[in-house]
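Visitor: Work out the full structure: start from the sequences and follow the hints.
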Amino acid sequence: MTDYTDLKREVWDRDRCSGCGACAGSCPLEALHFRGDDNPLFDGLCSKCGVCYSVCPRTDSETSVGVSRAPENSDNIGPYIGRYFARSSDFQIIKRAQGFGVVTSVLKYVLEEGVVDAAIVVTADIFMNTRPMIARNFADVRKSAKVKYIWAPVLSKLREAVLDESIDSIAVVGVPCAIQALEMISRSKLKLYQKKLKLRIGLFCWEIFRHILISEMIHKELQLDIDPRRIWMFDIRKRKLVVELMDSTEYHIPLETASRYARKGCNYCVDFTSEWSDLSVGNAGAPKDFLSVVTRTELGDGIIKDMIEKGLLVTDSFDESVFSLAERVNKKKKERIRNFKSG
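According to my numbering, the sequence shown holds residues 1 to 343 in order.
Warning: the hint list may mix true and false statements.
What the hints assert, rightly or not - Quick list of in silico lysine-lysine cross-link-like pairs, DSS-like style, CA-CA up to 30 Å:
1) K48 <-> K264
2) K198 <-> K95
3) K264 <-> K143
4) K220 <-> K288
5) K95 <-> K310
6) K143 <-> K305
7) K238 <-> K143
8) K310 <-> K238
9) K310 <-> K198
10) K143 <-> K196
11) K48 <-> K191
12) K332 <-> K240
13) K8 <-> K288
14) K264 <-> K238
15) K143 <-> K8
16) K196 <-> K48
17) K143 <-> K288
18) K333 <-> K310
19) K238 <-> K220
20) K333 <-> K288
21) K198 <-> K331
22) K95 <-> K143
23) K264 <-> K8
24) K288 <-> K238
25) K238 <-> K48
26) K95 <-> K240
27) K143 <-> K310
28) K305 <-> K331
29) K264 <-> K220
Unchecked claim - Label-pair restraints from in silico Cβ distances:
30) Q92 <-> S321: 13 to 21 Å
31) K332 <-> D38: 22 to 30 Å
32) L163 <-> S324: 42 to 50 Å
Rather than coming from a laboratory, the hints here were simulated on the basis of the structure.
Ideal placement from N, C-alpha and C gives every residue a C-beta, glycine not left out.
Guide: Here it is as structure tokens:
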């Protein structure tokens, strides 16, 4: 039987950990924890149940889904039902959120329509310290509205949400590694988790940054005098990490510089568009003022179509030539891991 020592040997010690938090969020003895930017820490007893190993998408196991669903060497973004260019129709949401409010609007819809009882999202304090949280209503959702690009073990909140008797159905918003872990959970022996995890909202992601991006890169390496409390949000545009302050001042940092502060496990990721999600969202391949939305299941497509019909989302005509950028980035990410392994 596998246990956390196998996970440590195959994943943590080889810098393959994505930091998704699934191992910590599924351990029945709560023996795994995240502290700081590093790998999980073992702090307790191990029953050798193998759950932590079974939910990790980065193991050497043949059942691991840390692979693309699309054919190798293709620019295919994985199975999908629909592709849309969309933004929120609510100006108040757009003003407060990033990404033209699509994810925020989807969360508002699924919570208010009773599709789910709660959502696991990532929020940040005034110093941009990120942490996962359980959102039960729109007021909670608004706390997570800004895209952080700063890592947090979002799935470490799973156990708390699943064991809460007042929660019967859960949505999760996460980057591809977290979505892959949810697929691993769906194939595991965690029946209660499978029963309650209803909706996967995936984010397009090239890589996620450690919090030392602020202290080490911004302050020490680039010597930028930026108070974390003045940061409104991070964004990625034209191969630059954009740091936007409360007063709308922007600092543009080359991704090549910022990438040195990404989690090392990101080098092993082959999924840019969250291929294992119900619906995925990102700015790549979208026209100005819109986001790309890819629906991959009947549930995800039904949500987006109903929101469009009710006027909660505004759409633009889909253009394959514009969306092709997302496909090219997806293909480049698959090529990156081959170059990383061979180099």
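Visitor: Which of the stated hints cannot be reconciled with the structure, identified by number in ascending sequence?
Guide: As far as the earlier hints go, 4, 8, 13, 15, 18, 25 and 30 are violated by this structure, in ascending order.
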